[in-house]
Every structure is written in structure tokens, then in C-alpha cells.
Amino acid sequence: MANGTVQPRLHPIADLNPPASSRAWLSAPHPNLPIVATCASDKTIRIYSLSNFTQVSSISGGHKRSVRSCAWKPNLKGESSLATASFDSSVGIWRRDDTAHDAKETDFTTGGQGDNAEEEEDEEWRFALVLDGHDSEVKGVSWSAGGNFLATCSRDKSVWIWEEVGDDDFETIAVLQEHTADVKCVAWHPEEEMLASGSYDNDIRLWKEDADDWTCIGVLSDHSNTVWSLAWEGLESYKHIDSFTSPDHTAWLQRRQQSGPRLASCSDDLHIKIWRRNPREKQKQNPLSIIRSGSIEEEWVIEAELPQRHDRTIYAISWSASTGMIVSAGSDGQIIVYREKWQEDTLMTNNDTDGGPSTSVDEDASKDIAGTTWHVVGEITGAHGPFEINHVAWAKRADRGKTSDQEEVIISTGDDGSVKVWSFSAISESP
Amino acid sequence: MAMEGVIPAEQQVFDPVSQARNYMHTDENQKDSAEQLARETASQLEEKNITLIAVIESIGEYMRDEDNTIRSKSLGYLAGILEHLPSKTLSRQQVDVICTFLVQRIEDGGAVEGLLALQSSFRFSGDMAITTTRAILENLQDIQTKPQRQRHSIIRLVHDLLGNHRNAIKTMGTVFLVGVIDLFGGEKDPRNLMLVFSVVYVVAMEWDLENHVESLFDSIFCYYPITFRPPPNDPYRITAQDLKLRLRQCIAASSRFGEYAFPQLLEKLDSGSPNIKRDVFDTLMACIETYGARVLAEHSNNLWESLKYEVFHAQEEDLADEALKIVQANAARLCTELATDDNGISFVKQYLDMISKECLEKLREPQHKQAKYASMILAALAVSDHRALDEITKAIFPSLLSLYQGAETIESRRSFLECFLIILGAAVDVFRAQPRSRTDHIPLEKFKDTLLQRFSQALMGTAPEEMSYRILALSCLAKLSNIPSILSDEEVGLAVQYFNEIVLTEDADGRPDLVSKAIDTLLELSESRSQILLNITVPRLLAGLPDAGSTDTKRYQRGISILARLSTKHNLSDTVIRRLFGRLDAALINTATPQYCEALLAALAYAIKSQLPMQAHVGENYVQKATDLIKRSGEVAKAGVSDPLTNMGVLRALGRLVCLIIQTASDSTRANFNNEVYTLFTNEFIITDDKYSTVIKQQTIILSTYFLAAINDKPGSPLRYAADHRPILEDLVAITIASKEPGIQFAFLQHITLLVNKFADQSGLLVAWNICKNIGLADSRNATNPDAVKVLMFLAKAQILRMSNTKALLDHLLGLLEMEDCGALVATGFEILLSQDEVLTKQNGAKIRLLSGQVVFTHTLAHITKAFTGAAPGVRPRYLIALGGILKHIDRQLVLSHMKELNPLLLQSLIVPETALKGAVISVLAIAISENPLSVEEHLSSIIAQLLQIAMNKATNEALLRLQAVRCLSMIPGKFKEFVLIPHTKTVDRDVVKVLDDPRRDVRKAAVDCRTAWLALDEPDEDD
Amino acid sequence: MESIQNANPTIRAASDLPTRRRKASFSTAASDPLGIFTQAIPSPSYNFDPFSSSSTSPISSDSDSEEGTEPIDTQEIYDLISTISDPEHPLSLGSLAVVNLPDIYIRPLGAQDLQVVTVEITPTITHCSLATLIGLGIRVRLERCLPPRFRVDVRVKEGTHSTAEQVTKQLGDKERVAAAMENQQLMGVLKKMLETCQ
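In the order they appear, the protein sequences are chains U, X and P. The opening position of the first sequence corresponds to residue 1 in UniProt numbering, with each subsequent residue numbered one higher. The opening position of the second sequence corresponds to residue 1 in UniProt numbering, with each subsequent residue numbered one higher. The opening position of the third sequence corresponds to residue 1 in UniProt numbering, with each subsequent residue numbered one higher.
Be aware that a few hints might be false.
What the hints assert, rightly or not - Below, a sample of chain P positions facing chain U; criterion: calculated Cβ distance under 8 Å:
hint	residue
1	Leu109
2	Gln112
3	Arg144
4	Pro148
5	Ala178
6	Glu182
What the hints assert, rightly or not - Simulated coverage check for chain U against chain P, where a stretch passes if three residues somewhere in it have a Cβ under 8 Å from a Cβ of chain P:
hint	segment
7	307-313
8	326-334
9	380-387
10	391-402
Hint data in this document are derived by calculation from the structure and do not stem from the laboratory. Every residue, glycine too, gets a C-beta built ideally from N, C-alpha and C.
Whole structure, please, built from the sequences with the hints as guidance.
Given below as C-alpha cells:
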């Protein structure tokens, strides 16, 4: 473990208060407001302020069972819309008029407002509508980049795509049933209208609309166990890779632009894999992707595997759009942060052992894109004491302690019902 | 008009005609007045104011009327009259006349009622009965067309006639038999059926059924299985059960029904309904009890065929048992009459062979649960009678034994043992119920050797960890040995030797069940074969005991304790006790280890105590032994040599033993002991010039304390110093405070307490009281000296228990709590006041007043409740500790009645650091929670919070306390209303989870149970 | 459970099952099966002395010292689950040999004192559709009874079940287990199974 000994750059900033009374599943940071929505097995969604780390409001009474997942609709001005997925096999859409609340969330001086938040709930969150259709527990929900599509997935092995056709009016436009078992997660491509789904059948599937018919355009099967979470690379985050102007590097940059954002996946098999689309013009057979007839088929290859640090199921990963760093967490209670680094001599140091920097496992791929390796740059064990961690996410930092507008924090969500906020100190290591 | 005056007089005369007219004019809803009229007429008849003729004539015209209803009514009048006529009023021929008269008109309504009334008259002759019956059978066959009430009268009439004139009716023979079958056909009314059934019952029992068996049987079996739901307020109170029983009687009434009853009943078993099955079983049982063996023999096969199905495929346990009972009853019945078939093979044998054969088949699959039923069936049969037992034994033991030998796996062997066990169990019962002389031929004899050998082999020759298997083997061996007169003493002796080995050598930790089972068996055998135990077990156990004792305490402890256990058996007791005394002497001579001597002494005490219920003066037998031991200990003390008897533990054990012996000796012996032994001892050791110069001499106080306990304080008791307590008490107090050795000091304290409580007179009490006052806690030297405080407390105890100066003393002590130096010590000392003391007991003649505890508690509590709030923070804990010390030792009911005052103090106590106090408080809370939850309900939240704190905080609370706290917590669910608890569930769960990680296992276990209990509250969530 | 799947399981007698519970209750009686020495000798009362702090319980004495700590071991795990009742027989998983002491493993996990408990179950018959239910029962019981630092893995022993892998994977899926535990009807069945726990 050469660089197993990284000084943890993770520092706890705060626990969001009050915590859920039982297991919390996931925390979704708001796209533009300094708030985060945490859903928990107590059937409640709590909205916390990231400025003062206290609960600003909560949504309860909507779902009859665990709220497993939730997602903020992007690109909204003046109002917020939250989609919630529950074990009661329903999906809820909640609306709120932000203008009334901007003040509260940006205002640092107000202390614990837990109590009055309680009272405000009702008038604050409006239950817009419930999307019924899944036969059993809904496990994931995700809005497309544009915000006009909503994808949900369930234990009933299906992925549903809904289109918002008008105020509080959704229409089912696709029911995708190729997965052979629970679909655990769905994630939309950051710009294209392409959906990725991960499943208990160990596969990742990519979906696109083809002549107003949604079809599977790629099956990424390399994991040997349940795929628990998927994360897309930010649009241009690869630019953050500290660069030396070298021919390789510029070439590499071009290839990146062509192939577009990559996809990261984590699994019960303890691996985190980075997938890259092979740009169309030079398609060649690749054992790692199933080529299907038809024009819209895409070839995706494994570009890299992240150093393996987790001892038990990895439940969540998040890929920072701004810094390009990936954070992962899971049953072993660890939070690990990985960073991609430029590496001139990748070609030589190809097959590296786990734990060390690992590079492209795909010879061809590495030939046309030499250059980067992933390193563990931060880790903390027992982040939630003895408890499992169900979710991690990057979010903009908003409390007094923030140093820059870009600064990000990591938000972890655990079986103890607590949500913890971690700062990740700026990187300044010598190559 | 002269005659006018006469007319009213004439009207006084009773006029039957107008009476009859009046009757005839009453209408349906004037029944009462109608009856009234009939009654009047009856009394007139009775007083002979009118003649029967007159009455008959008075209704003559109506009876000739062509209108049927008028005729009936007139007859009804007659019936009414007869009813109210004492049975003797009418002369023989009057009865005859009326009878014929009515019989002629029997079809007219009312006639039957009339006859009903008439036939009860004792002048009603058999012939009349017959004529009447004939008339009924001939003319009333259209009965079913009549309304229920009339049907009832008719059936009742037949029923009563049969009841009152049985012999006459019997002479009618078949006529009657056939007649009633037709007459009753199709009857549905429960009230009538009750009568029908009893008539048929009589007929079936007493008539010669000739070739009408089937029709008679059908006439009643058509109602089977009878079902009937009585109407809401049925005036006749007939239950379905009544009908069932009557019908059952009928079916069981005659053996001749057998050929129809069995097939049809068994058929009914096919019905799925458990209730029907039960009814059928009961009926079969009834039949088996009454039918003769021959009949049963004919149907035994079918019976078995259907019943075995019920057993092997029973859906409900109890049904299987029912079926079993019948199989068994049938066997028992077959045994009672040794009927044989034409080939002279007894029916029993045929029946049992058949069953045994099938059961054996099932037993070939020993794992299958049908095998279990098979052995149950066999056992059921075997237990029914010793003949049955013999047959079964012959039929199955050979194959069973070979199957057993052939079995590959321990599991299957185990199931065979189970089978043996069940059957041998049956054998024990049979042999005990029907003793057999060794002379009569017992088939079991033939197998006993093999059985003995197999069981022994299984028990001693199997891997030790095959527990259940070996336990079974042992049980079989036990049963076998317990069958009277099967095994010879030698053979039982062999088994006993195995048991000895097991009780002595088996790993009692790993295999407690085996060991205790073996011990129980030995004890059981000691009833029937005490000699064997005396010859084999007792010596073996004694042989296991060392002479000089050994460091391996386990070895001898086990032997000794088993001996002690045996000694509880009356017929072993004396021998064992004497042997133990023997070992003790040996041990003392060889200066064995004190622990060993102590063990022997303890066992002796246990043994002697156990005999008390049987012989009140058991001690008498061992007084000599006791005296010798005392002398001996006295000498060694004097000589100051080292000896087991100079060990404090041994001395205590000896003390207990001697005390027990003296107290259970005869009064004379006891008096004698008082005078001689005690005086001797006290002279020698208590009041000598060099008082307690050496520790060894000091130790003698232990013994003398027990003597003090043993002797009775009759006037003239030889207590030399009883006359004036001051010197002796002051002496003892001084020595006590000086004494450094806790064991000895405690003995002194006990001695003082006993002296004051048991012997002190007024003056003595005064001395004690003054010592208490002036023990000088005021001067700081003593004030901080726990020994002084102890003396104070024990003296106080001695007086308080006999309720002398109680309140004054308490106030004194409570006052001390406030004092700077001694307060804390005194507080701790409070526990002494009411704590149980081994020596200071009623049985030892101590004066313990019933109310003392209550007084101490209430007085203290009252004082503390007042003083607490005002007290300085430093002092408060002392009050709580003092209170806690008392709480530990008083009756829970008393505590519960004061929860109101207690609650605040208890909660305070949970915060103070003193473990002992917290422990006491938690146990009080536990009692309150379990017995009177309401008393603590309002404080529940704080109680829960405190308990959780204690449970979670490993650092400051020792394991036992944590354990108590968690256990107390887990008592809460179920004791309070849900809505009281729900608010706490989340907190409790959150915190108890932490306790799940406690370093101590038993605490964790308690936490698990606690969490489960609380989770159960949450479970019934919202619907789905 | 419409029709009984295995009408005739092999049953191990309770007395043959390894447990610490029975021992505990007997440990005193070991040398003294009849408790003579506890009955005949009243608790040596000269030790009773409110002033000497030693007058406390035996177990408390070493409670906080190191030797006083009794780590959770496989026997303890076994005792927690062996008394769960089988859903179709009125018998315990222990006596049906569905759970066996040798098939329970505990291993440390990662840096802190995290521990992983692995329980391998042996279904009574190779195609017992109740295997999942049984496994779930065990997992629920252990998650309730063990401190959170324990991770519970319930797996079907290789070669003992036709669909061992599927069942094991299901039992390992946190989400599914969580969902199951929110299913009242299912929990009703589990409750029955767990009622007999000691």
C-alpha cells in the first residue's frame, strides 16, 4: 500500500440537526440553494440548511413506508420541486415556493429553527401529485439534465420514464424492462438525454430515445455483483486535472472532448469502475461491450478501476462536477476520496496493484488515451461510528467556514440516521 | 211463601252438573279457572260430597256430543279432576271403570291425559296397563299427525306405563317392541325424544329382541349423530348433551346392537368434523364398556382398522388420544373375559397380535413420527392389563430388540429406546397395579437379561456427548429396575453401580441432565430397594471421600452432597448420618482440610434437618456425637494446638450442627445440655481470667454464640452472668471494638445481640440502652471507628427487634446522621438494623416482634421525608443510604404502600454514587413496577432515564447493577398502558442498543430481552 | 406455508445442542448438583458487613477489570438464534440442525472494532422455499440483538440448497431486508418465529 498512508484531509464540520430517528437512506443537495433533502426509513424527508446545519422543514405523511431516494428538479427558478421514491411503491412530487424561504436559507444568523420549522411544514411543502405504476418498492429517482424527464426504478425490475407535460401532470413515456432483477439506481447523463441504470442483475444499462421509442443502447456488464450506485462525470470536470502542456496531454484532452462525460459505478463486488464511451468513428470490437445491431448502439469500455479500499459493499459514489474528484462510502463505514492525476508514463506503469494508482485496464483505450491514474487522496474510517454509510454526495459549501465559492463539502448519510458534513481541504501535493 | 226460605240453602249444595257446564263454558284463555273448577270437583269427590257416577253423568251429554272438540273438552275436565285426585281416593273398580271408559275413547283428546293421571294411582293394575298400552299401540299409530303436546302426552303415557308397570308390559313381548318402534317412528321433538330414548333403552336392555334387533337399532340410530340447538329460553332446558347421552345409552344398551353399531359408527368417523369424531369416540367407548367380549372380538379388526387411521393421521393431538383410549379400552375389556374363539385362541391375543404386528411395521421407520404413535399405542395396550402387557411383550420385544441391534444411526436407536421406555413405563404401572408373584410366568422375564445388557451398553458404552441417547438409556434402565419383582437384587445392583459411576464421575457441568437423572433414579430406587443402596451406593460414595480431605474440593463435595441427598430418604437417613459422623471423626483425627470438615458438617446439618418432618426429636440420636465434638473443640482451643476445629469456618459449621441437634433433642436432653455442656463450656472459655488472650480462644466465641442460640431462656437458665449484664456486656463490647479479626468480631456482635435480645431483662435492656447512648461517638476517636458504630447498630438491633425503646433509639440514630464525623458510618450501619441474621431467629428463641420492621420503616421514612429537603447537600446521601439499608430488608407490600413518599427519595438515590444503595433502590422499583405500576407511573420518565443511565455507564456502575437496571427496564413494557410507554420507546431503544455491547455477557443478554420487550410495543404499526 | 415441505425432519434432542444457557444455570450445581452447600450453609454471614465494600456480588467484583470482559463469541451468537422456531415445524432451528455452532464465524473488519458475523444455514431439505424466510429471521434476530458494530451475513451453506446463491444474495441485500422488515404481514410470520427465542 504505497499511498495507502494518505493523511486524511477529511474533517468533520457538523452533523445536521436534528438527525432522523432511524436509518437515513440518502441526502440530495439542492442544485442552487444551500439546502439538502434527506430521506429516511421513518417515512420522512427532512430539509436541512447547509448554512447553519439545522432542519428548516420536513415532509411527512406522504409515504406509507421508507422513503428510499429523492431528487431535486434542476433548472427551476423561484420554486423547488422534489421527487421522492418510496418502498410503498409510489413516487411523490412536492413543490415549494422558494421566494419566501431564500431569506431563511441564506441567513446565517438564525439559530436552531427546528420548532417553527415544524409549524411551517404544511403551508410550506405542497404535495403536488403521486406517480403510481411500479408494482413494488421504488428504489431510485432521477431528473434529466433539462428537467423535463423523470426516471424511476424499482424492485419490479422496471425503469419508468415520465415526462412532465404540464403543471402537476406527468405522463409515462417508457417502461423499460430489460433488467432481470431489482433496478437499484438510475442516473441521467449531464447533458444528453441518456439514462443509465444499475441493477441487482449486476448489469448497467444505458437507455436512449430512438425514434420516440426508448431502447437499451448498451449493456455494461463487468461487475460480479449488485450495482448499487452510478455517477456521471461533470461536463468539463476533466479540465481540472492538473496539466503540463505536453503533446500527450493535449491529445488526451481532445479525446476526452470526443468521448464526453464518463460514468462511474460501484458495486457489492467492492469495485468502482470508470466507463468511457468509445467515440463513434473508430469503433472496433471490444470484448467489454455488447455490440448490438442498430445505429444508436454505443460502445462503452472500462477505462479504469479505482483503488480498492472498501472491505464491504460500496453503497454510494459521487463525482464532483467542479473538482472531478470521486467520493465513495459503504457498509464498512469508510469514506474514500479519489483523484485523477495526469501521468506521463502511464503506458509503462500500466498494471498496478490495487490500492496503488491504477490506470486504464483497457490496452486499446490506454493507447489512444494515455495519461491518467486515480489516487486515494482522502479517507476516513468509522465516519458514522460503527454504522454503515448509505450515501455520500458533493455539495457547495455554504456555512461561515467557507473559503471560496467553489469550495465543496462531502455529505454522508448513515444507518444511525445522522447526516454529516465533511470538509475536504484543498489539494497541494508534490508529484 | 214458606219454602222460599229454603232455596238459598239448596244453592249451597255443590251441583256437579252446573260445575260441568261452567267448565265446558270456559274458553281457551281461561285455563286457570277451568283447572280451578276441576280442582273443586276433585276435592268434592275426595270429601265424598258427590259420587264419581254423578260426575261422569254430569259430563255424559257432552261426551256423547258428535262434536269432537266438545267430547275432548269434557274428557279434559275428567282428566283435570283425576289429576287433582289423591291416588287413594278412587276404589279399585272405580279406577277400572274410568280406565275402560277412557280407553274406549282413547282417540278423543283428553283421554290420554286422563289415563296419564289415572295410571299413577296405585290401584291401577298391570292388566289395565296392558289394555291401555294395547289401545295406544292399536289406535294411536297416527300419532305423527297430532300436535306436539298431544304426542308428548301419548309418549309420556307409554313411558310412564313402562316405568310403573314394567313386568306387566314385559308380558306383551314383541307386540310392545314392534308397537313402540312404529309408534315412535319419525318423532322429532327433543322433549319427546328424551322419553323415546329412555323407553327404547329399557326395551333394548330387558326385552328379548329376537329378530327385531335391526329395526329397533335403526329406530334410534337414525338420530345419530344428534344435533340440536335449544331455543333461546326453552322452558324444558333440554341440552344437546342430554340428547347425546340418552342416545348413547340406547346404542350401548344391548350387545346385540354391536353388529350394526360398530360398522355404522366407524363409518361416521369419515366425517371431517372433529366434534362428530369426538361423539363417535364417546359412543364407541360406551359400547365397549357394555358390550360383551365376544361381540367386541367380532368387531375388533374393523375397530382397529378405523382407529389406527385416526391415531396415525390425527389432525389434533387430543383426537389421537381419544382414539388411543378406545383401542386400549377394547383390549382391557377383552382381557376381562378370557373368551376364546373356536380354536381356543383368546380374543385378546388375536387383537393384540394384530396390532403389535402393524405397530412393529411402523417402528421399522423409527425416525418417522408414526413410530412414536406406534409405541404410544403399544404402551396404551400394555398398560390396560397384565395379560395385555404379557401378550405385547411376547409379540414385539423379540423384533424390537433385533431392530434396535440392527439400527445404524444413534438417532434411530434413540427412537427405539423411546419405544422401550414407553412400554416399560406401562409395565411399571401394571406391575404396581396388579402385583405378580415371582412364581407366575412373566414373559418379560425372558427378555430382562438382554434388555439389561443393551441398556447398560447404551448408557456406559456410548460417546459421552450423546446426551439424549444416554439419558434415554438411563431412563430405560431405571424403569426396568423399578418394575417390582422383575430384576433380582443382583441385577438391580448392577444398574445401581452404573448410576453410581455416573453421579460420581460424569462431567456435571457438561451433562447436568444425565447426572441429575441418575441421582433421581437412585433416590427412587431407595424407596423400593433401600438395601441395595445401603450395600452398594452408600459405601461407594463413602469410599470416594478422602480421609484427610483434599485440595480437589469438587471431588468430595459431590460425593458428600449426594450422600446428603440420599440421607433425606427415611430408610437411609440414619445410616448415612452415622457414616458421615464416622468420616468426620476420621477427618478430625487426620487433621483434614478445614473445607472438607466444613463440608461434612454442612451435609450432616442438612441430613438431620431433612428428617425433622418425620421425627421431631431427630437430634436426640446424635446428642452424644455433638457433645463429643464440643468437648474436643474445647480441648483443642485450650491446648491451643492447630486443628481443623480451630478454623473459623469449621467452628461455624460445627456450631450450626450442634445448635440444630440440641434444638431437636428431647426436652430433658436439652435441659441437661443447658446445665452441663453449656456451663462447662462457658466456665472454661468465656469467663476465664485471661479473657480471649489468644485468637484461638477468642474463636470459641463462635461456638458459644451458637450455644447461646441453642439453649432456651427458661427461668433458671444457667447463664451465669445473666443476673447482671453490665460487666459482661461492657466486657464484650470492649473486646468487640478491639477485635481485629472480622469473623471473630462478627461472632462477638452476634453474641451481644443474642444476649440483649434473648436474655436481657429490664435492667439488662437499660444497660444496653445506656451503652448505645454513651458509646461515645461524640468523641472523635470513636466517631470515625466503624467497629464502634457496628456495636451501636447491633445493640440497637437487639432492642428494636423486641421493640424496646424503638422510637427513641431510631431518633438517636437518625440524629447521628447529621453529625459530621460519624454520620456517614451510621448511615451505612442502618442496613444492620433489619438485616436477616443467621443466629438471631425466632427458632433460636430470639424476640422478634412482628411489627418491628414496619415501625422502623415508617418511623425512619417519616423522619427522612421531613428532614431531607432541609438537610445539607452533604448529608442528604446519608439519609438515602440509611433508607436504602432498611428498604432492603422489609416486606414488599409495606414498601408498596408508601411509594408516594418514597418516589422522590428513590429517584434521588439513583443519582448518588453508592452502588449498594442504587441496587436496593432498583429492586424496590422493580417490585413497584411489577406489583403496583400505578404507584410509580407519574415518575416513569425519570425512572426510565435513570435506569438507562446506570445501564449504559460501565465506568461508574458495576456489572450487577447494570444488570439489575436493564432487567428492571425490561419489566416495564406490559405493566403500563401503551400510550404511557410509546413516548419512551425511541429513547429506550436508542440507549439499550448501546448496552448490547456491554462487556459482560449476562448484561448483554438482559439487554437483548429488554430490547425485544420494548420492540414488541412498536410492532403493531399502521396497516399495509 | 400451504403444504408442509418436509413432514419428517431429523430432530436433534434439545439436550444435545451446545448452549451456554444451560451451563450458566448449572455452573453452581456442578460440584454440588443438589445445592446442599448453598442451602445448608447460609451465605457466610460474617462476610455480610455493610462497611466492607467487598460485600458485593461475585460477578461485580471483576466486572470492570479486563478479565471481566466476555467478548461476543460464536456460542453467544448460536444461543441467540438456535431457539428461533422453524416456520413450519414447532421446532427450533437448533434442533433441526438448520443452524450449527461450527457454521458460525466472527471476523474483525477494518480499523475499528467492527466485526462481521457469518451464519451459514443448512435448510432441512435442498429445495426448501422457506430458506429465505428462515435466513431473514436469523438476520433480523441478530440485527436486533447485536451492537451496531456487528455486520451480519447470513448465507446458505454450499451444496445444501438448490438455489443457495440466490437466497444468499437476497439475504445480503440490505435494501430488500429493509423492505421486508417494513412488510407487516411478513413481520407477523417472523414475530411468530422469534417468539420462542430465549
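Going through the hints against the structure:
1. Leu109: With Cβ-Cβ at 6 Å, under 8 Å, it holds.
2. Gln112: Hint on Gln112/P: holds, closest Cβ of chain U at ~5 Å, below 8 Å.
3. Arg144: Violated: closest Cβ of chain U sits about 13 Å from Arg144/P, beyond 8 Å.
4. Pro148: holds (4 Å)
5. Ala178: holds (6 Å)
6. Glu182: Holds - the Cβ of Glu182/P comes within 8 Å of chain U, reaching about 5 Å at its closest.
7. 307-313: holds (count 3)
8. 326-334: Since 4 is at least three, the answer is holds.
9. 380-387: Held - the segment 380-387 of chain U has 5 residues with a Cβ nearer than 8 Å to chain P, which meets the minimum of three.
10. 391-402: Violated - the segment 391-402 of chain U has 0 residues with a Cβ nearer than 8 Å to chain P, which falls short of three.
The structure does not agree with the numbered hints 3, 10 stated previously, though it agrees with the rest.
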